[in-house]
Structures are given as C-alpha cells and as structure tokens.
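What follows is the residue order along each chain.
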Amino acid sequence: MSNSATREVARRVFAREFNDATYTFKESDDELAPRYALLPTGKRANRVFFVGTLTETEDVGQDSEYWQGRIVDPDGGTFFTYAGQYQPDAASMLRELEAPEYVAVVGKPRTFEADDGEVNVSVRPESITVVDESTRNYWVVETAERTLDRVEQFENGGEYAQLAREEYDLPVENYRRVAVEALESLDTEQAESTAP
Amino acid sequence: MTETDLHTEAVEIHDQFADQLDVTVDEVSERLDTLVNEYKVPLSEARRSVTNTYLDEAGMDRDDVAGGDQHVSITDIDTPEQWVDVTAKVVELRNPDSDAIAQAGTLGDETGTIAFVSWSKSELPRVEEDAVYRLGNVVTDEYEGQFSVKLNSTTTIEQVDRELEVSNDDAEITGALVDIQSGSGLIKRCPEEDCTRVLQNGRCAEHGEGDGEFDLRIKGVIDDGTTVQDVIFDREMTESLTGISLEKAQEMAMDALDTSVVAEEMNERLLGQYYHVTGPNFNRYVLADEVTEPEQPDHEAMLIKARSI
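Line by line, the protein sequences give chains A and B.
Using our numbering, read the first sequence as starting at 662 and increasing by one per residue.
Using our numbering, read the second sequence as starting at 558 and increasing by one per residue.
These are calculated hints, taken from the structure and not from any lab test.
Where a beta carbon is used, it is the ideal one built from N, C-alpha and C, also for glycine.
Misleading hints may appear alongside valid ones.
Looking from chain B toward chain A, a few residues come up when the C-beta cut is under 10 Å (computed) [unchecked claim]:
(1) 676
(2) 678
(3) 681
(4) 732
(5) 857
The following label-pair restraints were derived from C-beta to C-beta distances [said to hold, decoys possible]:
(6) A:814 to B:758: 44 to 52 Å
(7) A:750 to B:812: 15 to 23 Å
(8) B:814 to A:690: 23 to 31 Å
Model the full assembly from the supplied sequences, consistent with the hints where possible.
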C-alpha cells in the first residue's frame, strides 16, 4: 500500500486511551505544522477514525451554534466531539441526528485545559456519518488489533513510546484490558442476539 | 512446467558454462527440476539460482557471461537505462498513439507486469497477444515511478513454446473510506477527442473553455489505521457503490442548481464504511476494479490474542 504524499493516517483508538492522550506537540515551529496527540501506547495521532453509539447531542454554543456529540464505544468510554460554524457538515449532522444511532467519525484530536487545570481531550470532526452495527463491530475488532499492536511494540521503544514514558504515568496494560473488554462485549451482544 | 521447458533452459545455461565447467546438461536439468518441481520456485528464479551456482563454481562474475547474463524477472526491473533480457507473455496490445511506435502494450511474467514499446524505426518482427517470447537486449525506462521496457534495433525476439503464469500485481486494500476529495461526484470532462481532462470552472487545461460532458467519479481515501491509499472509483463503480446513476445525479444537480449536492449525498452514503478494493496501481492511485464489503474479522481469535499478551 503506497502512502498518499502528505495525508495523515487516521489512528484506531478506544475512547479510554484517546481521552488519556492529553499531551500534544508539533514536530516543527512552523505555524502550519500538524499538531499531534501523543497516545499513551506510544504513537502520535493527528487524525482518528472511530465508530460508536451517538448517545446525546446538545447545542452548547452561546452566541452561535456549537454542537456537542457524545459517542460511546463498547467498553464504555466516551468520545466528545464538537462542531461549530467551521465544521458545517458535521454540525448539521449533530443538529439533525436523533440519538441513539451508530455513527462513524473522522476527526482531529483537540485538547482544552479547564480552569481547574484538567486537560480535556475531544474530537473536531471532519465527517460524521450514520453506519450500521456490522461496521461498528468491524471497527471494534480492528481497533483492538491496532491497540494490541501498539501495546506489543511499546517495550521495543521507538521515539513516541519513549516520549509516552516521560509524559505519562499510564501502564499500557490498561489499554490491553480495554481491548479485551471491548472484544468481550461483542461476544455478549452476539450471544444475546442469538438467544431464543 | 513440462520436461521440454526445463530441458530448453538447461541447455541454455549449460552452453554458458560449457567452456569453464565440466558439467552436463542433465546435471543442470536436475538442479532446475528440483527447484521447480520440488520447491515450486518460479522458473525465472530457478534459472537465476542455478546460474549463480555455476558462476560461483567457475569463479566468474555475472558480467563475464555472454548473452543470457542480463536475464531478469519483471519485478526486478527497478532502474532505468539497463539493458536486460526478459522472458514474458504479451498480456495486452494497445493501439499505438503515434506513428513512431510500431507496437505497445503490456508484458507479464510470473513476477509481475510491465509496459513495453516497440519503435517503428527498429523494424522488428511483430509480437502477438498471449504468446510468450524471450526478448534479448531491451532497455528499461522510467516515467513518474512507472517502469517500462523499450524494444530497439538490437533486440532479439524469439518465441518460446511454453505457458507462462502471469502474476496479477493488482493492489489489494481493505480499510475505511475516510475522505472523498474535491473533484468527486458529478464532474464534466473535456469533449475534445482523446482528451478526458476534468474541467475546472468550465475550462480544460489543454483546450480552454468548453461545454463538457457529464461523468461520475470518486477520488477517495482508504485508511486501515496504519497507511492511507488514494483510490479512484470510475463512473460504473461510483454508480454501483452509491446507487446514484449518472442520470439521477444530473437530475439532483438540476433541482438544486448546484452539482455539489451529488458529492454531498455520496459523502453521506459512503464515508465511514469499510471496503475491500482491488485494482491496478496508477501513479499514487489505485483504480478500483472490484469493490466488496470486507469479511467481518474474527473477534474470538482477537480476544484469545488479547488475553495472551
């Protein structure tokens, strides 16, 4: 698979790991240089792709519309997405959609430091689309696989694994467990749906 | 692979070393046979391996051997302006777009395919589709990362009486469609003959202002979480994926007085879906020949792996 010249890959990450990715950085001083969130499993993320259940939408804007969407993945973590006038397509999706609904989101990680010093991680969506359950299930297995790959490679180091060790005190074992729980939830769901 | 094929190859290899080594055709043939029939190595690779063995024994370099020394597999062609020999099947002939070209098309062997051109001024015998040839002394060339071979006046063309399984070097990718880029949806192409350029604001970069003919296409990005790949879906593929025909798309655009509604509708229907795409590489794109829904990955196997780490 040959890489598109400049496009950043969309990382697969469960919400619990994504929300722990509070440290962001740029690779150069250039104003237009891409900003990355540092995943605790040791990879940088400029873009993410996730599929989950939209559970709530709310216009949290004051002067103009600013839509918040809560999207929950199967191990219970929540992605927070925010779309305003500069993301008109995503904003209108959040305005029109009735929760609950399975949605697929492509977007960029953003961090915001609250008054109490807590750093919140959210997603600025490039697109939000409605998908079906099989797409959601596909994403869960794919994301578990990518997460486990990162967990396995973490020990061998690499630049960003090293950085994650310095910036976070978060054992990667946590994220292996998240993957296990997400996969187990598929088991339960499928057992329920085939029960008499 | 027949006995005769192996024997022909064995004689060729034997001839190269007859002066230097005390080796019989049968011995060469036996080595080839082991590699091809026992280890299932492609013949081109077997030839290479056996030739190398004898080069070592004779203390010779590849360059010392006359003739067949430059025989390469198509996939190994990665440098321009090399003089090489290939044994390949003519997979496809196409109409040459210039009088300077006698024949043009695609050659293939067990390892891949490559474009070829035969110049009119070289006055070479013509090759036929589906026939296998040993082409001596062709020159490699490169344009925008794509390699080709040029037949020339020194090239020897010898038809080989054997079947050749041509490798299908189509790209195969599975991932989520994460972006549909500008220039997708309902587009207009330049109506000039042999010009298929997409009009930008009603203008063709080559032929200027023009009415243009409507067409559908999608320039999409497939992403599997580790790599991204640009993919082009042509009209037929776009219609079958989106369920929007060209006629329907034109109606939608007329109703809205805007062609962009078509791309918006396509975004809504396709973004975030997983696809399995196969097709040839063209520059940085994969041209989608076949698009299917990928099989659901095995979550139980993944769970076993997740627990075992």
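To see whether the hints hold, each was checked on the structure:
1. 676: violated (31 Å)
2. 678: Nearest chain A Cβ about 36 Å off; hint violated.
3. 681: violated (34 Å)
4. 732: Because about 9 Å separates residue 732 (chain B) from the closest Cβ in chain A, which is inside the 10 Å limit, the hint holds.
5. 857: holds (7 Å)
6. A:814 to B:758: 44 to 52 Å: holds (48 Å)
7. A:750 to B:812: 15 to 23 Å: About 20 Å separates the Cβ atoms of residue 750 (chain A) and residue 812 (chain B), which means 15 to 23 Å holds.
8. B:814 to A:690: 23 to 31 Å: violated (46 Å)
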